[in-house]
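Read top to bottom, the protein sequences are chains A and B.
Just so you know, this note's numbering puts 170 at position 170 of the first sequence, and the rest follows in order with no gaps.
Just so you know, this note's numbering puts 381 at position 8 of the second sequence, and the rest follows in order with no gaps.
Please note that the accuracy of each hint is not assured.
[As the list claims (entries may be wrong)] Now the stretches of chain A that chain B is said to cover, found in silico as 3 or more residues with beta-carbon under 8 Å:
1. 55-68
2. 101-109
3. 300-306
[Said to hold, decoys possible] Estimated spans, in silico, between C-beta atoms of each pair:
4. B/Ala-466 - A/Val-147: 39 to 45 Å
5. A/Thr-297 - B/Val-399: 24 to 30 Å
6. A/Asp-104 - B/Arg-384: 21 to 27 Å
7. B/Ser-420 - A/Pro-301: 47 to 53 Å
8. A/Pro-303 - B/Ala-466: 22 to 28 Å
9. B/Gly-459 - A/Val-216: 18 to 24 Å
10. B/Arg-384 - A/Thr-44: 33 to 39 Å
11. A/Ser-336 - B/Gly-459: 31 to 37 Å
12. B/Lys-438 - A/Glu-215: 21 to 27 Å
For the record, the hints were derived by calculation from the structure and aren't laboratory data.
The C-beta atom is built at its ideal place from N, Cα and C for all residues, glycine as well.
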Amino acid sequence: MAMAPEHNPAPIGLLAELTHRCPLRCPYCSNPLALDRRSGELDTAAWTRVLSEAAALGVLHVHLSGGEPTARADIEEITAHCAHEGLYTNLITSGIGPAHAKLDGLVRAGLDHVQVSVQAADAGEADAIAGLGGAHEQKLTFARRVVAIGLPLTINAVIHRGNIRHVDRIIGLAVSLGAKRLEIAHTQYYGWALVNRAALMPSREDVDRSIATVEVARARLEGRLVIDLVVPDYYALYPKACAGGWGRRLINVTPSGQVLPCHAAQTIPGLEFWNVTDRSLAEIWSASPAFQAFRGTDWMPDPCRSCDRRERDWGGCRCQAFALAGDAAATDPACSLSPHHAMIQGLAAAEADAEPPAYAYRTMSRPTVADPA
Amino acid sequence: MTQLSPATIPRLPHGVRLKFDQVRNVNVLLAPERAFELDPTAAEVLSCIDGRRSIGEIVDVLAVKFTAERAIIEADVIDMLAGLVGRRVLEVAPQAPATRLDLYGNGT
C-alpha cells in the first residue's frame, strides 16, 4: 500500500454511491445532473475489492447510498462484505421499492444502521416533492419495520421552501416512528438543487423560525432523539467545512468508480479524477490530482489564508465557490468574509420572495432548465 | 439525564460497537455518523460491558486488574459512562427483576 504523506490523515468515511437508479425524483437530489446508467456501474467484484481497500486504508463507516442502493441485486453481498471487513454499514435508503423485500437479508448480512429519507410529514406534500404517489406510506411502513427489527433508525429530511413551515411535524413524525436520530438538513444548492434553487429557497424568517423550532425540540427530546441540524449556507455567517475538509475525512465513490473528495466535486471543471478500476483506493487517496487540489490550506487565497478559522471550516465548499463565484479556489460565498456574500444573500432573498417556479424533477436525462447560477 | 448507580446494568445499543482500529492503533466506539476514539482505560471499561454485568461488578473486575482504589475507579467509571449515555451511545438495561421473592417477609 502506498504510504500517505504524514500530513495526510486516513479517511474515516466512504460514501459508496452504488447506483444512480432511484424510484424517487426529488428536485434537490445530490446526484449529478448527468447520472450514471446501469450499464456503467461497477460490478460486485469491483465493489468488494474497493471496500477491502477502504478498510485497510482506515475507513470506519461505509455509507451504502445511491440513488437507491437496494436497487442493486448484490446489496446483501456488498453489505456482508463490509461486515466481514469490520466496516460499519449505514444504509441510506428511500425505503421504497426493493428496500422492503431486502431488509431481512440485509440484517442477516450484518447491517448496522438505516437512514430513511422523508420529504415532509404529510403524505400528499411528501409525495409531491418526491415525485411519486404512495411513496410516503411505503417509507413509513419500512421505517417501522426497521425499528421493529431492532436496527437503529435515522430519519433524514431535506428542508426547503415546500416543507420548512412543518419542521415541528417532521420532528413529531421521527419521534412517532421511534427514530434515534433525525437530520434536519437544509438544502445544499448543488446539482439538482441548484437547478431548482428558486423553487426551494426559503425566506430568512422561515429559516430562523425552523432553527428555533429545532432548538426547542432538542431540549424537550433530550435522551430520546438526537437532532442534527444542517444550517442553510446562503443565510450563514461562516461556511461549513464541506465533508470535514477536502480530502481529509471522506471518500466518495460514484456508481462507475470515479473517486471524489465530495459528491458534487465533478461540477468543478478541470479536476482530474481517478477511477477504482485503474488504481487502488490508497493510491487515489494519497495522490489523485483531484484530492490534492484543495487539500490542507496551501491553496487558500485571502481572506481564508490569514483567517484563524482556516482549519475549522477549511475554506468552506469548493463546489459552491465555483458555482457562485466562478472560481473553485475562492472563499466560499457562504462566508460573511467573502466579497460575494452580500450578493448571494440578496439572491436568496429575491428568490424566496418571488413566486416559486415548478420543480425540475430529477430524471436520467439532464434538465433543460437553465442553470440559475 | 439518567442517573447511574453501581446497580445499573449498562449495554451498548444496537448500531453501536467497539472496534480496534488497526490503522490508527486505537480503540474506537462506532455509532451512526460518529466514531469516538477511546483511551485504553475507556476501552477496558467498555469491553467489560456485556448487558449482564452491573457497573458495580465491572468496577470489581477493574479494581482487581489495576489494583487501584475501588471508590476512585467507581466514580471515574460512572462519570465516563454517564457521558456516553448522554451522547446516546450507551443504554441502561431495564432493572433486572429480583432473583428471589421475599414471600415470608423474613429475608429468606
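Exercise. With respect to the beta-carbon atoms only, verify the hint that A/Asp-104 and B/Arg-384 lie 21 to 27 Å apart.
Key: Holds, since A/Asp-104 and B/Arg-384 (Cβ atoms, about 24 Å apart) stay within the stated range.
Quiz item: Honestly, do B/Gly-459 and A/Val-216 meet the 18 to 24 Å range at C-beta?
Solution: 19 Å, holds
Quiz item: With a cut-off of 8 Å between beta carbons, are at least three residues of the stretch 300-306 of chain A near chain B?
Solution: violated (count 0)
Quiz item: Measuring from beta carbon to beta carbon, are A/Thr-297 and B/Val-399 in 24 to 30 Å?
Solution: Holds, at about 26 Å.
Quiz item: Residue count check for the stretch 55-68 of chain A against chain B: does it reach three with CB-CB under 8 Å?
Solution: It holds: at least three residues are needed, and the stretch 55-68 of chain A offers 5 whose Cβ sits within less than 8 Å of chain B.
Quiz item: So the hint says 31 to 37 Å: do the beta-carbon atoms of A/Ser-336 and B/Gly-459 match that?
Solution: 33 Å, holds
Quiz item: Lying within 47 to 53 Å: is that true of the beta-carbon distance B/Ser-420 to A/Pro-301?
Solution: 48 Å, holds
Quiz item: Do B/Lys-438 and A/Glu-215 keep their Cβ atoms within the hinted range of 21 to 27 Å?
Solution: 44 Å, violated
Quiz item: Range hint 39 to 45 Å: satisfied by the CB atoms of B/Ala-466 and A/Val-147?
Solution: 19 Å, violated
Quiz item: Quick check: the stretch 101-109 of chain A, covered by chain B? Criterion 3+ residues, Cβ under 8 Å.
Solution: n = 0 at 8 Å, threshold three: violated.
Quiz item: When you take the CB atoms of B/Arg-384 and A/Thr-44, is the distance between them in 33 to 39 Å?
Solution: 35 Å, holds
Practice problem: Mind checking the hinted window 22 to 28 Å against the Cβ distance between A/Pro-303 and B/Ala-466? | Solution: Given range 22 to 28 Å: violated, Cβ gap about 52 Å.
Comparing the model with each numbered hint stated earlier shows that hints 2, 3, 4, 8, 12 do not hold.
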